[in-house]
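Engineer: If you're matching them up, the sequences are chains A and B in order. For the first sequence, our numbering assigns the number 118 to the initial residue and increments by one for each residue that follows. For the second sequence, our numbering assigns the number 3 to the initial residue and increments by one for each residue that follows.
Hints are computed from structural coordinates only; laboratory data are not their basis. Because the structure is a prediction, the values reported are computed rather than measured. Mixed in with the good hints there might be a few duds.
[To be verified] Here are the simulated DSSO-like cross-link-like pairs (lysine-lysine), alpha carbons at most 30 Å apart as the crow flies: (1) B/LYS39 x B/LYS69; (2) B/LYS39 x B/LYS63; (3) B/LYS282 x B/LYS293; (4) A/LYS458 x A/LYS269; (5) B/LYS282 x A/LYS184; (6) B/LYS285 x B/LYS259; (7) B/LYS315 x B/LYS69; (8) A/LYS355 x A/LYS271; (9) B/LYS368 x B/LYS168; (10) B/LYS285 x A/LYS184; (11) B/LYS168 x B/LYS259; (12) A/LYS355 x A/LYS269; (13) A/LYS237 x A/LYS269; (14) B/LYS39 x B/LYS168; (15) B/LYS368 x B/LYS293; (16) A/LYS390 x B/LYS315; (17) A/LYS390 x B/LYS69; (18) B/LYS315 x A/LYS458; (19) A/LYS269 x A/LYS352; (20) A/LYS355 x B/LYS315; (21) A/LYS352 x B/LYS69.
[Said to hold, decoys possible] What the simulated footprint calls covered on chain B by chain A, stretch by stretch (three residues with Cβ under 8 Å from a Cβ of chain A suffice, anywhere in the stretch; the number is not a length): (22) 236–245; (23) 273–281.
Glycine included, each C-beta is placed from N, C-alpha and C at the ideal position.
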Amino acid sequence: MTGTESQSWTAIDCDVHPRVPNMRALHPYLDEYWREQVIDRGIDTLESIAYPPNAPISARPDWRDAKGEAGLDIAQMQTHALDRWGTSAAICNCLFGVQMVYNEDMAAAFARAMNDWLAKEWLDRDPRLRGSIVIPLQNVEYAVDEIERCAKDKRFVQILVLCMGELPLGRRQYWPIYAAAERHGLPLGIHAGSSYHHPVTSLGWPNFYLEDYLSQSQGFQSQVASLICEGVFVKYPKLKVVLIESGVTWAPGFLWRLAKFWRGVRFEVPWVKVSPLETFRENFRLTIQPLDAPETGDTIARVIDHLRSDDILLYSSDYPHWQFDGDAVISPAIPDRLRRKIQVDNPLATYSRLSEEAP
Amino acid sequence: MNVDVRPPIQTERTKRVRPAIVDCDIHPRTRSPADLKPYMSQRWWDYLQTYGARRRHGYTKGTPYPKAQPGEASRRDAWPPSGGLPGCDLDFMREQHLDAYGITHGIMNPLGLTGQGDQNREFSAALTSAVNDWQVAAWCEPEPRLKASIVVPYEDGEAARAEINKRAGNKNYAQVMLLSRTAEALGRPRYWPIYEGAVEHDLVVGIHVFGYSGWPISNSGWPSFYIEEMTEHETACSALVTSMILEGVFERYPTLKVAMIESGFAWLPPLGWRLDKHWKRLKDEVPHLRKAPSEYIREHFWISTQPMEEPEKPDHLIDVMGWIGWDRIMFASDYPHWDFDDPFMALPPSLDEERRRDIFAGNAQKLYGLA
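Take the sequences, apply the hints, and build the full model.
Structural biologist: The structure is reproduced here in structure tokens:
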């Protein structure tokens with residue numbers, strides 16, 4: 118990427134959410150067997166309790182349509198987000214709950230259908246849009262097949278998984294996915310959400326939805342620890358991992374803790390040769406919404422200082438989720454000198470496929 | 003940490019101040035389970051011999067994630083010359099720890115065979131009660147610097163409450179002790195009788211990390227390594243602090259004081275910010291809260307220092323301590339475990355004297371009413 122090329126970019130939104138309205142929308146993208154299955158068995162939706170559609174966080178009030186829905190209509194996304202904020206590219210992360218399915222064949226069929234639906238209904242209709250490949254993590258072979266299939270379309274710029282799944286993501290059985298990711302220059306995007314195959318806390322199922330949403334940041338911490346400790350970045354040093362809708366402020370304290378324990382018990386993971394802090398700065402990226410810190414005072418600036426890197430944060434609106442008001446996608450508390458890096462330079466350095474097709 | 007013998011390190015800097023030290027986390031051990039026999043009925047002693055402890059994991063002995071050092075994660079130099087496990091010999095603990103560092107008070111948090119969280123409810127009640135008798139007879143009476151913690155059969159709230167009632171009024175007990183990995187998050191109503199007992203008798207509730215909830219320790223299932231288990235203790239603490247606040251525990255028990263022990267602490271300010279941020283959006287779900295969640299943290303939680311997070315720049319930790327509140331941070335060594343924090347070396351060097359004094363002793367003296 119040369120300086121001249123990057124200047125043609127204005128803002129790269131690393132997290133927007135087109136919403137699959139219901140299973141019927143996927144019917145055209147299912148083969149005959151699965152179409153019959155979903156109809157005969159009354160599978161109407163895979164909508165996840167991670168985002169109850171009417172919960173305040175699931176859509177900003179001014180982005181809901183007359184029926185209270187949001188994220189269903191490309192024209193609305195253009196008006197509310199893409200045009201309004203001068204977005205040059207936006208990465209679409211679909212959260213329809215394919216990851217919750219137990220039947221691995223069914224999961225593979227739904228993932229395929231969703232990726233095709235995204236390409237046709239969204240990516241084809243606005244050249245600014247890019248996609249994340251939803252994979253059926255339930256079966257690693259199927260997941261790799263789906264990556265290979267979608268990677269041919271350069272508009273797919275990352276692989277998407279949820280932060281809470283069946284097993285921690287560093288586990289070796291998942292490594293063929295990371296080999297494919299590295300091969301195709303696709304970051305692994307880990308988005309908030311759960312397969313709900315385990316409780317969302319290590320103390321069981323919580324009482325409130327608020328606890329569920331808050332527990333996401335704990336899930337991200339576990340995944341970072343797992344990916345680093347299992348040695349994923351020793352084997353796949355070029356792999357980038359993007360933590361999406363993860364929150365930001367938990368990261369320094371968590372990394373200090375992990376790095377300290379690594380110094381104490383590194384005999385257990387002898388392949389991890391450098392501090393987790395360094396690996397994090399090299400291989401991990403964080404999207405900026407939600408920014409979970411007081412937006413007045415210098416707290417945010419100090420937390421960014423604690424990260425000791427200007428390369429980590431990526432611009433994201435999390436549209437249509439309600440994380441901020443007005444047009445403050447980048448909180449005013451983020452130091453000005455970082456704006457351009459967060460909006461353009463860091464996303465371009467993370468998503469190599471973006472620059473393969475400049476707008 | 004793997005040295006055979008290490009006397010306390012004395013440098014110019016560490017000699018500079020020898021403050022009074024209250025150590026909020028010392029782990030005493032029995033020489034053998036027979037030490038508890040005098041405090042158990044024949045029935046439960048026989049039960050212990052026949053079935054043993056049954057925690058919510060599969061091992062009769064040892065732990066699902068093998069620890070970093072033998073002797074249940076002990077310092078190599080803490081094995082008493084008299085035999086037995088580190089932490090079982092009062093004279094040696096005095097010599098190696100209490101006297102060597104000038105510890106004025108030590109709060110004992112018994113781990114291991116205590117009955118806390120055992121699958122058998124009645125056995126849990128019998129064994130915890132025996133451990134409470136043993137702490138006072140074997141430790142507090144011969145060594146008044148040491149304070150006991152009331153261990154309780156926490157999965158049975160009423161039985162736990164009864165144990166608190168039985169011990170309250172005895173000044174040898176500094177607090178009620180829970181573990182962090184309970185079967186449900188600690189805000190749930192099943193645990194409220196414990197808080198009721200604590201506030202009635204003006205006792206701190208100390209929550210020490212560990213225990214076995216029976217659920218995977220990550221919300222994505224079981225990780226492979228001990229290093230991951232160690233980091234995951236914090237995620238459990240985040241979940242339990244969240245639960246206690248959102249369930250309204252502090253509205254119900256406004257005088258309740260909670261000390262987080264061996265949990266580290268750099269996670270606490272970001273948790274408060276995250277709670278506030280999303281509570282603002284979702285507060286209609288928890289209308290019983292009367293203020294921002296971080297305010298409950300500030301008013302009701304104390305933290306102990308070990309294992310202290312270690313930033314690349316030590317002053318970053320001072321930011322974090324300031325966010326928590328200088329009156330809320332209490333020194334803990336975790337003696338005799340391998341990840342022991344040396345009081346002479348542990349705190350960031352640029353911390354001023356007044357704050358060192360508060361962290362080493364003042365805050366804990368105030369919270370626990372230690373003269």
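Engineer: Each hint needs a verdict: does it hold in this structure or not?
Structural biologist: Going down the list of hints, with the structure as the test:
| no. | hint | verdict |
| --- | --- | --- |
| 1 | B/LYS39 x B/LYS69 | holds (28 Å) |
| 2 | B/LYS39 x B/LYS63 | holds (19 Å) |
| 3 | B/LYS282 x B/LYS293 | holds (10 Å) |
| 4 | A/LYS458 x A/LYS269 | holds (29 Å) |
| 5 | B/LYS282 x A/LYS184 | holds (24 Å) |
| 6 | B/LYS285 x B/LYS259 | holds (24 Å) |
| 7 | B/LYS315 x B/LYS69 | holds (29 Å) |
| 8 | A/LYS355 x A/LYS271 | holds (19 Å) |
| 9 | B/LYS368 x B/LYS168 | holds (24 Å) |
| 10 | B/LYS285 x A/LYS184 | holds (23 Å) |
| 11 | B/LYS168 x B/LYS259 | holds (20 Å) |
| 12 | A/LYS355 x A/LYS269 | holds (20 Å) |
| 13 | A/LYS237 x A/LYS269 | holds (15 Å) |
| 14 | B/LYS39 x B/LYS168 | holds (19 Å) |
| 15 | B/LYS368 x B/LYS293 | holds (25 Å) |
| 16 | A/LYS390 x B/LYS315 | holds (21 Å) |
| 17 | A/LYS390 x B/LYS69 | holds (21 Å) |
| 18 | B/LYS315 x A/LYS458 | holds (24 Å) |
| 19 | A/LYS269 x A/LYS352 | holds (24 Å) |
| 20 | A/LYS355 x B/LYS315 | holds (27 Å) |
| 21 | A/LYS352 x B/LYS69 | holds (26 Å) |
| 22 | 236–245 | holds (count 8) |
| 23 | 273–281 | holds (count 8) |
Violated hints are absent here; each numbered hint is respected by the structure.
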